[in-house]
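Chemist: Protein sequence lines correspond, in order, to chains A and B. Here the first sequence stands for residues 411 to 584, where the numbers follow the working numbering. Here the second sequence stands for residues 134 to 297, where the numbers follow the working numbering.
Since the hints were made in silico from the structure, they are not lab data. Fair warning: this is a prediction, and the values are worked out from it, not measured in the lab. Just to be clear, a hint being listed does not mean it is correct.
As the list claims (entries may be wrong) - Within a straight-line C-alpha distance of at most 16 Å, the following computed EDC-like cross-link-like pairs (lysine to aspartate or glutamate) qualify:
1) B:Lys241 with B:Glu222
2) B:Lys190 with B:Glu228
3) B:Lys190 with B:Asp235
4) A:Lys520 with B:Glu242
5) B:Lys190 with B:Glu222
6) A:Lys520 with B:Asp235
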Amino acid sequence: MAQTDKKKTKNAARIRFNIIDLVLIIAVLACLVGVYLRYNISEQFGVNHEMGEYVLSFEIKDIRYTSADAFPEGDTFFLNGDDTVLGTVIAIDSTSPSEVIYTDSWGDYKTIYYPEDSRIDLTGRLLSAGMMTDRGYMLNGNTYLAPGQTYYVETPHINVSVTITGIESADTAG
Amino acid sequence: MKTTNEKRAWRFTALDLIILVVLLAVIAAAVWFFGPFRDGSSGDSTLVNIEYTVEVKGMEEEYLGNIRVGDTVIDSVTKKEIGTITAVETMPLVEYVLNTEDGIMMEKEYPGQSTLLVTISSPATFDERGYSIEGYRVAIGVLHYMQLPNFVGSGYCIGIEAAN
Chain A
411 MAQTDKKKTK NAARIRFNII DLVLIIAVLA CLVGVYLRYN ISEQFGVNHE MGEYVLSFEI
471 KDIRYTSADA FPEGDTFFLN GDDTVLGTVI AIDSTSPSEV IYTDSWGDYK TIYYPEDSRI
531 DLTGRLLSAG MMTDRGYMLN GNTYLAPGQT YYVETPHINV SVTITGIESA DTAG
Chain B
134 MKTTNEKRAW RFTALDLIIL VVLLAVIAAA VWFFGPFRDG SSGDSTLVNI EYTVEVKGME
194 EEYLGNIRVG DTVIDSVTKK EIGTITAVET MPLVEYVLNT EDGIMMEKEY PGQSTLLVTI
254 SSPATFDERG YSIEGYRVAI GVLHYMQLPN FVGSGYCIGI EAAN
């Protein structure tokens, strides 16, 4: 009787492994695997490369002519409405009447421009922090960015869509 | 013989500790990502009085008198007060239309419709992200959904000035 009681006590004290424990262990393992993969992906994109300063050329199309003054030097472009910094304004290089491309009755493409003091296109340059890797430019070391991409940005003065047209090292840029 | 209560006595084990830690981490992450710490403000802000202009297009003539100087403007979405109207400028609604036959941009005036430039004044804060009225962002290009005592409509902000 005493031995049966001892066995029962021993069995009761054992940890019983059930489905919830299995789920927890799988979740912890998944986290560890995720961290490992993330580190490996970062290596592939060259996170271990050195950060540097780069000049991003951009263009903004079809904005009101009065908005030309909304890009003072030093203003920060925040990407997609969050805290990711695309860069700070170095200069606005040009403003010109917005161009419109249309097809005439012969099917030929023609270019026409808005009148003065109506809609404009604008080009400029930003100073950005990032790194150039084998796979391209990594903004802040973690966001792939390349010419041709268009981003919605917020600056202290304006919300606008910006297209990146060029990326070069600040050391070699003019 | 053990009683039922003794058999069901709860003991705090290592697995319970893991669950607790994971739960706390999830709550902390949720508060960090969705809470007040992510408003993007660096904390360095200045108080200013701003005047910003909203362009309301396509106003029918019969409603032109519904937007008045002195009206309080409420944002229809957040229900926040976003200023007081200090000026209203009315002009004909003109749009640029492409004449593909002649290859020119033509100004076309819409009969019976107007464009209103509504100037709104409000105290605001200015920081590295720009102007905001108690968290409500004011910037050129922002679409404002306005609720006035006698008008509901929307328009894009086309200009901001800070008054000294």
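Chemist: With reference to the structure, classify each hint as holding or not holding.
Modeler: Structure-based check of all given hints:
no. : hint                   : in the structure
1   : B:Lys241 with B:Glu222 : violated (20 Å)
2   : B:Lys190 with B:Glu228 : holds (10 Å)
3   : B:Lys190 with B:Asp235 : violated (27 Å)
4   : A:Lys520 with B:Glu242 : violated (25 Å)
5   : B:Lys190 with B:Glu222 : holds (12 Å)
6   : A:Lys520 with B:Asp235 : holds (11 Å)
Taken one by one, the earlier hints fail for this structure at numbers 1, 3 and 4, listed in ascending order.
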